[in-house]
Structures are given as structure tokens and as C-alpha cells.
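Engineer: From first to last, the protein sequence lines are chains A and B.
My numbering numbers the first residue of the first sequence as 1 and each following residue consecutively.
My numbering numbers the first residue of the second sequence as 314 and each following residue consecutively.
FYI, nobody ran anything at the bench for these hints, they're computed from the structure.
It is possible that some hints are incorrect.
What the hints assert, rightly or not - Some but not every residue of chain A turned toward chain B, in silico, with C-beta under 10 Å:
1) K38
2) L78
3) L80
4) L84
5) I86
6) T89
7) F98
8) R273
9) L275
10) L283
Even glycine gets a Cβ: it sits at the ideal position worked out from N, Cα and C.
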Amino acid sequence: MLSTNININVLWSLGGLYAILLLASLIALIIKKSHPDKDYTELIQRINSWWIIITLFSLAMVLSHTVSLFFFGLISFLALKEYLSIIPTRRADRRVLFWGYIAIPFQYYWVSLAWYGMFIIFIPVFIFLILPMRMVIIGETKNFLHAVGTLHWGLMTLVFSISHLAYLLMLPEIDGFNAGGAGLVLFLVFLTQFNDVAQYVWGKLFGKHKIVPKVSPNKTWQGFIGGVLTTCILAVLLAEFLTPLSQPMAIVAGLMISIAGFIGDVTISAVKRDLGVKDSGSLLPGHGGILDRIDSLTYTAPLFFHFIYYNYY
Amino acid sequence: MKTINKFLRFLFFAVIVRVIVLIVLGLNIRHREKLPKKGPAIIVANHNSHLDTLVLMSLFPIRLLPTIQPVAAMDYFLSNPVLKWFAIKIIGILPLKRKPDHRGENILLPCYEALLNNRILIFFPEGSRGEPEKLSNFKRGLAKISEQFPDIPITPILLHGLGKSLPKGEALLVPFFCDVFVGDGIKWTGDRKSFMDQLEQRMQQLATEGQFSTWD
């Protein structure tokens, strides 16, 4: 059942994730005990959801490539569904939206074939051209531009971007580097998510100067810079273990992931603010919806992918 | 045959309905704890889609399945033998006539009987599936039932999103998250008008809880 080429470093890293989770759960338990008057429900729910997310993610990484692709495809589907449920849509476009969903299995099928050319143009070119045509056939012109624009933005961020995670797994082996695509995915996903947490913690501790007050009033320069530094240090420490990156390259990757992760986060915040919703859904108790969790990845995944692709292929 | 149908019903709800409702659609449930824990009870919801029934039935634990009966129009669901088998044996509807055949016939009698058997009845008092995502006027049959069973709680549930996923007259299911808002149960108030007013007010109140994206 286990994927035969799963690397020991990857397994160690997954073990490390569980150690961090265990630590987080213990700390949450201790502060809950020491402050019985305060309500820590959300924090505890958040950590509990992490247990489930990380378990599903670990299984997806360890079992086989097919399972991993299904896992990332499912994430794209759930995220797109959440997005299409919170944005205004037109009654006339039901069938067009259906075509949008159909793009997901196709996109991940190209990934499974490791057909790079198709993977990289399918949504930005073919789907981009086909969906407006489908709308024209239906013939509703009121809010046409809005409808076609929002749908394609959703497909680009939630299907095209996220599918880059899956394609990392399909990249051919690099000489002298053992952790493989799974190592790269783990490196990227862990740093992206940890960067979120680090920015939050640094912001809570030292936050003073707001960075994008109109979009996300809780985000501060102190949190952002603290997050960038923490992520860069972790990137250097983990790169040797999980990636082919040299030390300077690891710093560049750390900078890229932390800065782009922040931008992805506030971009989805801007969307939610525009729509007047606090959370994108309720799929992950304590986090909100799935969009709230993968917001940073929508930016870091394609950038990190091309960073690797450009430098090694 | 009876056991086979029972098994098929269980399989349908435990597997197919759960995959459709939880993965293809996905639910945002608010106040799940306000659902009745056992029969006799009445659930009242707005009706925009065939999916409404499946979603409402999936809110309850599978062990309550044998006690749940959606009340549905006899003329529509019993119109052909296959649909009839599916509606009665698999979904488990309680078929009701829209109009009495003769003067003095009480078309609500099957409901009374079911409630006496501790069933959980699901009602769509709007009559048939209305305009997607709009509340139409509730029918009066429910008031008569509540008058007969003043102690049975009536739990209002507002559904949103299913009229987008599978509206009337469409066969293509398009995935959207479905909002399910469970309200506080109400009981018989003493007269039909104030009862219906209260129920409609609860439904409107539930509708204001959500922030629904536009769909025009």
C-alpha cells in the first residue's frame, strides 16, 4: 500500500509535524487550565482541525501518487465550490459553472500524465476561451463581464494554482536529491502554513504598525517581518533535508514563500471583505472554510513550482 | 421483498445521499442542536428543490431513518410505478392528497396516524417547490395538524442554495454549498392565524441570519 519510493526524510518530517501538533495541543491544554475564565474554544477547535488536516495530508503523501492527486483535486473542488457559493452568480450560468467544475478532473488528469504543456495552458488558455463562449451561447449579457471574470479568477487561483502542488510530485528525479516531489510539497506546504502562524504570533506579540489597514486590520509590519525571518530560518534548516536547494537558494525560497504567502492571504481577505463575509465557510471548525486555509497557498504554490522548475529543469 | 427494500433504503441514505449531500454539495449547518432528538416531531422547511428532502433527512442520525417520513403530494409521486416504488420504499414518503375526493374526507388523517406512531414528519408547507430561494405563503394544513397535536414541537428549518444546485425543471446538478439554519421549535398557539404568523415570522427571522450571495 505504501508508495515504494517514499523517502525517509519525508516520513521524519511528517513525524515532526505530529510532534509540533502534540506540543500545540499540550500548550492549549495548559493555558486552558491556567485561565479557566477565558474561552479557548476556537483555539482548541483550530488545533483539532489541524490534526485532521495533517492526517489526511500525510495519508495523501504516503499512500500513492494517485491518492495525492485525488487529494489535491478534492481540495480544488471544495475550494471552488466554496468560492462559487459565496460570490454572486447568475441563474443563467448554471451550466457554465458546471463546465468550470469539469475543468478540475481534466487539469489533474494532465498532471497525472505529467503532460506539462497541457497542464500549463489548459486553464489560462483553453478554459479562458471556452467559458465566455459557453456564456455567449446562453445569451445573457447582463453582468457578463462580472460573471466571466469572477469565474475565471476562481479557476485560476483554486484549480490552476493549487494543481501546481500536485505537479511537484510528478517532476522527474533530480540527481543527488532523494526526498523527491513529496519533499518539495512538504517543504512548500509546511513553510506556507507555518508562515501564517508565525506572522500571527509575531503580530500578537509585537504588532504595532498596520500593514494593509483597509483590507486586513489585524495584520502588522511587525508580524509580517517576524514571519519572513522565521520562515527564512526554517527554510534553511529544512531545505537540506527536503529539497535540492543550496543555502542561498533556500533563503530566496523562504523569502518568496513568506512574502507571497502574505499576499495570497490578504488577497483572499480582500475578496471576503468585498463580499461582506468573515469566513468563507464552516468546513474546518476554528479556521472557517477551506479558502481561509489555502489562501496563502494559492500564491506560493505556482511561484515555488516555477522557482524549482526554472532552476532544475 | 420488504427486507430488500429496507436494505436498499438504508444503503441509499447511508452511502449515496451522504456522498451527494456531504461531498458534492456540502452543508453549513447552524444550530444543529435544535433538531428534535426523536419522534413524534414535525420539521418544516422551505421547498426549492428535490434535494431539500434528502438534505433534511441526512441531518438526522442514520438510526432514526426508519422513523422519518417526508410528506409529499400523492398525484406527483405516485404517478408511475417506478417513481412510486422509489418514493414510498426508498425515500419513505407519506403520500398525501392535495384535495379530498369527497366532502368530509380528512386528507390529513395519514399524518395523524404517523405522528401517533412516533414518526418525524417533514413538511414543505409551501405546497410545491417554489421560485428558487424565495419564501412563498405557507399552507394551512400544518395549522390543522398542530391543532390536533398541540404538544408536538414544530421545528422550522431554512434551506438556502439547493435551488441553485438543482432547481425545478433542471436535471443537471451543479455543486453549491447549502446553508441549513435550524430555528427554535414552536407549538400550537391557540388559533390558526397566530400559529401561521409565528411560523412565518420564524422562517423570515432565519432568513435574515444568513448572508446569501445574489442569484439572478
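Engineer: Can you name, in rising order, the numbers of the hints this structure does not satisfy?
Structural biologist: As far as the earlier hints go, 1 and 8 are violated by this structure, in ascending order.
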